[in-house]
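Novice: Could you put the whole structure together from the sequences, leaning on the hints where they help?
Each protein sequence line maps, in turn, to chains X and G. Reminder that position 321 of the first sequence reads as 321 in the working numbering, one-by-one numbering, no gaps. Reminder that position 57 of the second sequence reads as 550 in the working numbering, one-by-one numbering, no gaps.
These are calculated hints, taken from the structure and not from any lab test. Glycine included, C-beta positions come from ideal geometry on N, C-alpha and C. One thing to keep in mind: the hints can contain errors.
Stated by the list, open to error - For lysine-lysine, the following DSSO-like pairs were computed, each having C-alpha atoms within a straight-line distance of at most 30 angstroms:
#1 X:K396 - G:K555
#2 G:K586 - X:K99
#3 X:K240 - G:K555
Said to hold, decoys possible - Selected chain G positions facing chain X (Cβ under 7 angstroms, derived; list incomplete):
#4 I504
#5 L507
#6 I510
#7 V531
#8 Q533
#9 L534
#10 P544
#11 M545
#12 P553
#13 D569
#14 P575
#15 F581
#16 P585
#17 V587
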Amino acid sequence: MTDLTRLTIAEALKGLKRRDFTATELVEAYLDAMAAGRALNAYVVETPDKALEMARESDERLARGEARPLEGIPIGVKDLFATRGVHTQACSHILDDFKPTYESTVTANLWNDGAVMLGKLNMDEFAMGSSNETSYYGPAINPWRRKDSEEKLVPGGSSGGSAAAVAARLCAGATATDTGGSIRQPAAFTGTVGIKPTYGRCSRWGIVAFASSLDQAGPIARTVKDAAILLTSMAGHDEKDTTSANVPVPDFAAAATQERDLKGMRIGIPKEYRVEGMPEEIDRLWQQGAAWLAERGAEIVEVSLPHTKYALPAYYIVAPAEASSNLARYDGVRYGLRVEGDDLIGMYENTRAEGFGAEVKRRVLIGTYVLSAGYYDAYYLKAQKVRTLIRRDFEKAFEQVDALLTPATPSAAFPLGAMTDDPLQMYLNDIFTVTVNMAGLPGISVPAGFSAEGLPLALQIIGRPFDEETLFTVAAHVEDAAGLDLDPPQWWK
Amino acid sequence: MSVDTETVRRIARLARIRISDEELKPLARELSAILQWVEQLNEVDTENVPPMTSVEEDMPMKKRKDIVTDGDCVEDILANAPAREGNFFVVPKVVE
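Specialist: This is the structure:
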């Protein structure tokens, strides 16, 4: 039999329905791959018993002809999603032993559609990072390596475990979240497809909060179609999240095809994304992407997003401010780690000193500072005004074009430790992705080529609110035109 | 704006994070670098620009009836408590 982990979700769904193999066989293939792939540190917890139990139920349903949309598809879950009775720690020490008594809406949607849980995936602590190196459980490792090199590279972050696991075939697809680029940047670094949907498309209920006005869940998958299939199940209105949008969820997979014409579509190239010091190969990839879309009938238009360069500094006010508020709940009283102190405040301070890692502390302190008396107007209010301007830039651009094409990241994956000493340099990883979160828009990262060193590079497509379908169509064209072999050599086995 | 070690000590106190004396200097340096970098926002003219207060400005805020929809789950709430006694979380003594 062929290796079942090679199948895309779309292929596996067909094979399961045809009874070419069982859901149990599919899950067993992934459990074997996970066991052989532990060197990648993609999973922080494996849940084989649960996976096999869910697969058995899928097999029964398949036998009865009652298959649900994702029946039997093995999924990895970012550690940020609450999963009932299963390790949920946002890869932080401060949530030691936390096992929620409830299930996040997004994962519940997946299980209700028949998906099978393989385990919890590594990530930057509280989703704060761009390399997965701030995880309490150590970094996840990128399955890709440079040509003729054994140096370990980061898978990106914060959803580094999700991206590494999908790229290495340790799950068929994964849940992820994106606050400033945490789905799209790791997808770009690992040759996978990641979409951050419109703010409000997926419920945030049961997802450990980082920055509430920016956080959005989305999938990472191996193909554009697979990402569309997953998002269709994950999305939907939820009364438990007041910011969840009450809008219909289309069948995204139907839009994820290059058979949909690009004729009459206008694609914008934002000139401000041509940043200083951008590697030439990224610029070339970008031009290549535009040429592909033009060949297929789209009209390419240069547009201007004048406030682009201010998105990242504004983000580093808004996100830490919201984080400092959201993370106030970790006090050693109701759940997680507790370190005793001389008195109540001493207990809080000791618990948070030991429980939070360096990057989380840095951001909580920045957030506390910008919200503190006398500084609120100068920092937070200013940033929120800049955010309005960023949003207006996009609104104006979308009067002229249907979608925007940009690079996904300013570079390919970098070695472990290359940026850990310089937080500001690390933050620049999100320079092309963060604007999208600030404006609440959807953005997709799709592999489009390789660097000179043989590492995957990606393009990003940005769309109007709730127009993920256009993103899937354009991304399907890029994927088709690029025609890449995105199967890294399995050096970890 | 650059922050000094005294400011770091004050913010850390507000944030309820114990910071050792050795950590103060490096933190002051890192936070100053970040704050100086975000100061480029001052180049932007935001006169008469309203702050963005909601990502979904066009969407009416959802409301629900003010009724109890949940409850009777004391065990769930206490299930992850580091210290409990009966139906209570235990904290260090607050009042002598």
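Novice: Compare the structure with each hint and give your call.
Specialist: Status of each hint after checking the structure:
1. X:K396 - G:K555: Given pair X:K396, G:K555 holds - Cα atoms ~28 angstroms apart, limit 30 angstroms.
2. G:K586 - X:K99: holds (27 angstroms)
3. X:K240 - G:K555: holds (11 angstroms)
4. I504: Since the shortest Cβ distance to chain X is 5 angstroms, the answer is holds.
5. L507: Nearest chain X Cβ about 5 angstroms off; hint holds.
6. I510: Hint on G:I510: holds, closest Cβ of chain X at ~5 angstroms, below 7 angstroms.
7. V531: holds (4 angstroms)
8. Q533: holds (6 angstroms)
9. L534: holds (5 angstroms)
10. P544: holds (4 angstroms)
11. M545: Holds, about 4 angstroms.
12. P553: At about 10 angstroms, which exceeds the 7 angstroms cut-off, the nearest Cβ of chain X leaves the hint on G:P553 violated.
13. D569: holds (4 angstroms)
14. P575: holds (4 angstroms)
15. F581: violated (11 angstroms)
16. P585: holds (5 angstroms)
17. V587: Status holds, d = 5 angstroms.
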